[in-house]
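Asker: Sequence:
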Amino acid sequence: MTRFNPRKTLLAATALAGLAAGAAHAQTAAPAPTPAQAAVDDTAVDEIIVTGIRRSLQASTTAKRDAVAFGDSIFAEDIGKLPATNLAETLNRIPGVTLNRDINGEGVQVSIRGLGPSFSKVLLNNTQIAVASDGGTTGGSANREVDLDFFPSELFTRLDVAKSPMADTLEGGIAGTVNLHSARPFDREGQHLTVIAQGQYTDSNKDISPRGALVASKTWDKFGVLFGVSGVKTKTRVDGYETVGYTDGNIACAGCNTGADTGNGFFYASVVPNNTGHGLTAGAPLDLAATSGLSLQDLSRALIPRLGRNSYTEGTRSRVSALLSLEYRPTDDLQFAIDGIWAKSKRDYQRLNMNWYVRNSGPGTAPTSTGGMVPIDLKVDANHVVTSGTFANSSFFLENDIFDQTTKFYNVNPTVRWQPRENIVVDAQVNYGHSTFFREQPQFDFQTPRESGLEVYYQASDSGQPSITTNRDLGDPNLGWRWYRVNVQNIARDTTTKGAHVDARFGDSEINIKVGAAYDQASRSIRAYDNSTAFQTAVCGATCDGATGLVLNSQVGQYLRRVNIDDFGHLAKGGVGYTSFIMTDLDALKKATNYAFYRDSAPRTRSAVTGGSVGDIEEKTWGTYVEANAKGSLLDRDVRMNVGLRYFHTDQTVTSPIQVASGLTDQTLSAKYDDVLPSANFTYDAAENIKLRLAISRSMTRADAGQLLPGTTFSDISAQVASAGNPDLKPYTSNNIDIGGEYYTGGIGYVGVAFFRKDIDGFTVTTQTTVPFTSLGINFTDLNTSQQQALNLRGGPSVATVTLNRPINLNKLLIQGVELTWVQPLDFLVKGLGFSANATKLEQSSSTGLFAPGVAPYRVNLQGFYEGHGASLSVNYVWNDESVAANGPQNNINVPLKAEARGQLDVSAGYVLPFADKAWRVTLDALNITNEPLRTTFGYDNAPYSVYYPGRQVLLGLRASF
Numbered sequence: 001m002t003r004f005n006p007r008k009t010l011l012a013a014t015a016l017a018g019l020a021a022g023a024a025h026a027q028t029a030a031p032a033p034t035p036a037q038a039a040v041d042d043t044a045v046d047e048i049i050v051t052g053i054r055r056s057l058q059a060s061t062t063a064k065r066d067a068v069a070f071g072d073s074i075f076a077e078d079i080g081k082l083p084a085t086n087l088a089e090t091l092n093r094i095p096g097v098t099l100n101r102d103i104n105g106e107g108v109q110v111s112i113r114g115l116g117p118s119f120s121k122v123l124l125n126n127t128q129i130a131v132a133s134d135g136g137t138t139g140g141s142a143n144r145e146v147d148l149d150f151f152p153s154e155l156f157t158r159l160d161v162a163k164s165p166m167a168d169t170l171e172g173g174i175a176g177t178v179n180l181h182s183a184r185p186f187d188r189e190g191q192h193l194t195v196i197a198q199g200q201y202t203d204s205n206k207d208i209s210p211r212g213a214l215v216a217s218k219t220w221d222k223f224g225v226l227f228g229v230s231g232v233k234t235k236t237r238v239d240g241y242e243t244v245g246y247t248d249g250n251i252a253c254a255g256c257n258t259g260a261d262t263g264n265g266f267f268y269a270s271v272v273p274n275n276t277g278h279g280l281t282a283g284a285p286l287d288l289a290a291t292s293g294l295s296l297q298d299l300s301r302a303l304i305p306r307l308g309r310n311s312y313t314e315g316t317r318s319r320v321s322a323l324l325s326l327e328y329r330p331t332d333d334l335q336f337a338i339d340g341i342w343a344k345s346k347r348d349y350q351r352l353n354m355n356w357y358v359r360n361s362g363p364g365t366a367p368t369s370t371g372g373m374v375p376i377d378l379k380v381d382a383n384h385v386v387t388s389g390t391f392a393n394s395s396f397f398l399e400n401d402i403f404d405q406t407t408k409f410y411n412v413n414p415t416v417r418w419q420p421r422e423n424i425v426v427d428a429q430v431n432y433g434h435s436t437f438f439r440e441q442p443q444f445d446f447q448t449p450r451e452s453g454l455e456v457y458y459q460a461s462d463s464g465q466p467s468i469t470t471n472r473d474l475g476d477p478n479l480g481w482r483w484y485r486v487n488v489q490n491i492a493r494d495t496t497t498k499g500a501h502v503d504a505r506f507g508d509s510e511i512n513i514k515v516g517a518a519y520d521q522a523s524r525s526i527r528a529y530d531n532s533t534a535f536q537t538a539v540c541g542a543t544c545d546g547a548t549g550l551v552l553n554s555q556v557g558q559y560l561r562r563v564n565i566d567d568f569g570h571l572a573k574g575g576v577g578y579t580s581f582i583m584t585d586l587d588a589l590k591k592a593t594n595y596a597f598y599r600d601s602a603p604r605t606r607s608a609v610t611g612g613s614v615g616d617i618e619e620k621t622w623g624t625y626v627e628a629n630a631k632g633s634l635l636d637r638d639v640r641m642n643v644g645l646r647y648f649h650t651d652q653t654v655t656s657p658i659q660v661a662s663g664l665t666d667q668t669l670s671a672k673y674d675d676v677l678p679s680a681n682f683t684y685d686a687a688e689n690i691k692l693r694l695a696i697s698r699s700m701t702r703a704d705a706g707q708l709l710p711g712t713t714f715s716d717i718s719a720q721v722a723s724a725g726n727p728d729l730k731p732y733t734s735n736n737i738d739i740g741g742e743y744y745t746g747g748i749g750y751v752g753v754a755f756f757r758k759d760i761d762g763f764t765v766t767t768q769t770t771v772p773f774t775s776l777g778i779n780f781t782d783l784n785t786s787q788q789q790a791l792n793l794r795g796g797p798s799v800a801t802v803t804l805n806r807p808i809n810l811n812k813l814l815i816q817g818v819e820l821t822w823v824q825p826l827d828f829l830v831k832g833l834g835f836s837a838n839a840t841k842l843e844q845s846s847s848t849g850l851f852a853p854g855v856a857p858y859r860v861n862l863q864g865f866y867e868g869h870g871a872s873l874s875v876n877y878v879w880n881d882e883s884v885a886a887n888g889p890q891n892n893i894n895v896p897l898k899a900e901a902r903g904q905l906d907v908s909a910g911y912v913l914p915f916a917d918k919a920w921r922v923t924l925d926a927l928n929i930t931n932e933p934l935r936t937t938f939g940y941d942n943a944p945y946s947v948y949y950p951g952r953q954v955l956l957g958l959r960a961s962f
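Each residue of the sequence shown is one higher than the one before, counting from 1 in our numbering.
Not one of these hints is a red herring.
Listed next, the in silico DSSO-like pairs over lysine-lysine satisfying Cα-Cα at most 30 Å (straight line):
#1 K730 / K812
#2 K730 / K620
#3 K591 / K235
#4 K620 / K344
#5 K620 / K408
It is worth saying that the hints were derived from the structure and are not from the lab.
Construct the complete structure from the given sequences, taking the supplied hints into account.
Answerer: Here is the structure:
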């Protein structure tokens, strides 16, 4: 795999910056921005290229020169012209912003300057919002993240990312504050209609899906109305490979499984199982050292996937979003507006995971026991990762999941601006938002027969995932499949936000005093429902042995069929092992098992199917601020400054279910905290075309909402790891310094640099302790069959121990870095030609050596563009270095999960048709042109944790403006 070298790129960018001065004389200034375009907040706006919108770029550059604080913005010249398929993808073009992507490759959440999505405050038209969705297909987010794939770019005209706070900025974003501005009627006076229609081709399934948007607006003398709607219905298919981590075997011998750095996730066979072959006699004692070719000590540390599985996800995803905006301007001094946004998203997916059954496997009498694997001729590397070998007496089980989920969201935001006197401006607004999420996630699992002679041939490969092949056809419905497990699990989430803000400015736009007050209330509720025990007893018996129940083992085959594709893994860069496996006839199986009854009658439980905690959190915050803006002179050059203080007080209530003798009851805990957040921003005109900037501030982010819930979560199917919340967690606070500046080369061009440092106190670390299972306060009978069997293998519930993870405020985390930006039109070469480039380098350190997840040390964004003669072309490449996705230990092995370095190449083109007053424009967008996978590893490059192949996407469409 070719490695991108960010260091050389940064050096090259620095050298090339000198050429900009030579090009400056050839720049032709664009028309001056309109007042509406120039009226941006006092945040430094790093201009980001938007295809075909030179006027918008000029407005961004002008706004940056006039601003005081550090920040970035993306502007749209026209309705529906923000780039990319959703707002997360659009924000990915900003320096220091990285994406969290769903398995289909689509951006979902954004991270800023090395801190995760929960450290960024997301505002909608200056008010806080919360969306109840949970971070994508394999989500489980219970924190403060906002899924931005919910918001279509067609309905927004401006996105701001503030990186150094001012006193009037709502607190909560140590990393930064993202402000989404929806379209309004007076953005363009008069009558306008924009229609967008696209077909989206996806490489993974070779299907075409529809997308479209319509935005209509009209203004009269004092009143305006805008209505927009955007919709998409995509056919989704994602092939992938997952492991749920790696583990080693539990072997009893001197020097085996010593120390804390061991998984002990399964047992090898102790006697030769039936049908093993290889010259071994069934029932004879097994010499593991002789068969494996390793010493017992080395074998006890040999790492293999817990559940090496090819994964197949298919289904549909639809989203409809609508915007209604009304503006009334009775006088020049009084303006009213109300913005309402509604959206609904639905995922209807089916997932098939064909698991190589390693986790919890071994000898035993339980129906799911395998008898234990027999390792033959294993090879391991220096990290103890198995690179090749045969595993006789293996077993597989199919997980057939349904992801049927619906998310709804709406937000209403009335605002008023009143200017009673020339130098007094008052802004007031209220907001109310509500979001709901419901996921129905049943699971039907089937296992190969015990001691059937099935073997696994394991081989590391250069394709990004190991090759797992077998001597049996895993797609044969008549292989002898039997029940393994069934689950009925639902999760419901609800978020509500409400607030009222008043701001007043005394003075002109440059020299003034601002004061303001705010009240914000946010509530989050997560409810989990589980009827798996009753459902399993009815379907296949209490232990799922299939001897009793609605569907017996002898009847299982009639509900199975071969998976309905013949090209699994076709987007991988090499072999993926077996490519065919079974799937279930879900409609027939749900009907035969009376599934709907058990789904609808599922009782409340303490653990969600997504693995997160359940409960309620309500936060009420009162805030106030005072801010001074001034302009002075130093060495006959202008100095602008913004200095202020923000005070906030939060009342927090946390409610979570706890286990008592009679069942579940709610426990409610309360907390209060407040703080004063100072900020100071300075800009100095060192020369006519040079701006120098300094910002010093203190910021905060509230504690992880999911970690605040006090209940204990025990969803680990191997019954080895439990997680407990901590309602005593304190907010994170950060002392920040930003230093930088820009050199303006003429027209829309500039070269900018920004150094930043964040010294974060109260960063959480997860402590691990080994505790008796009995101390968790969880009834053994409430566990599912697999967990009960796993505990019994370790001596039973009265003897078995569990690793308990619990977060505490402990760490100091230091993040420092530099951002380089260069935007340069090249009209002196070819009129309409130009480029935009930015690069970010990050370093982090902590008192414990742990890392903030998702921090790529290097990030590079390169874009070239051309606009002329009715045509436009933009080529964009974004590269992120390898980063830690989750700190270790993982599965009790002392390694982190890592997100592999990845670059994505996208192309966007358009052509204005030379008829009908040039109202029609053909558009073409090609995403992930080089077919890059999404890959994470279990500490080592040859130990993939997950690999997904989203493939290329091509969008062809028409855009008409009237």
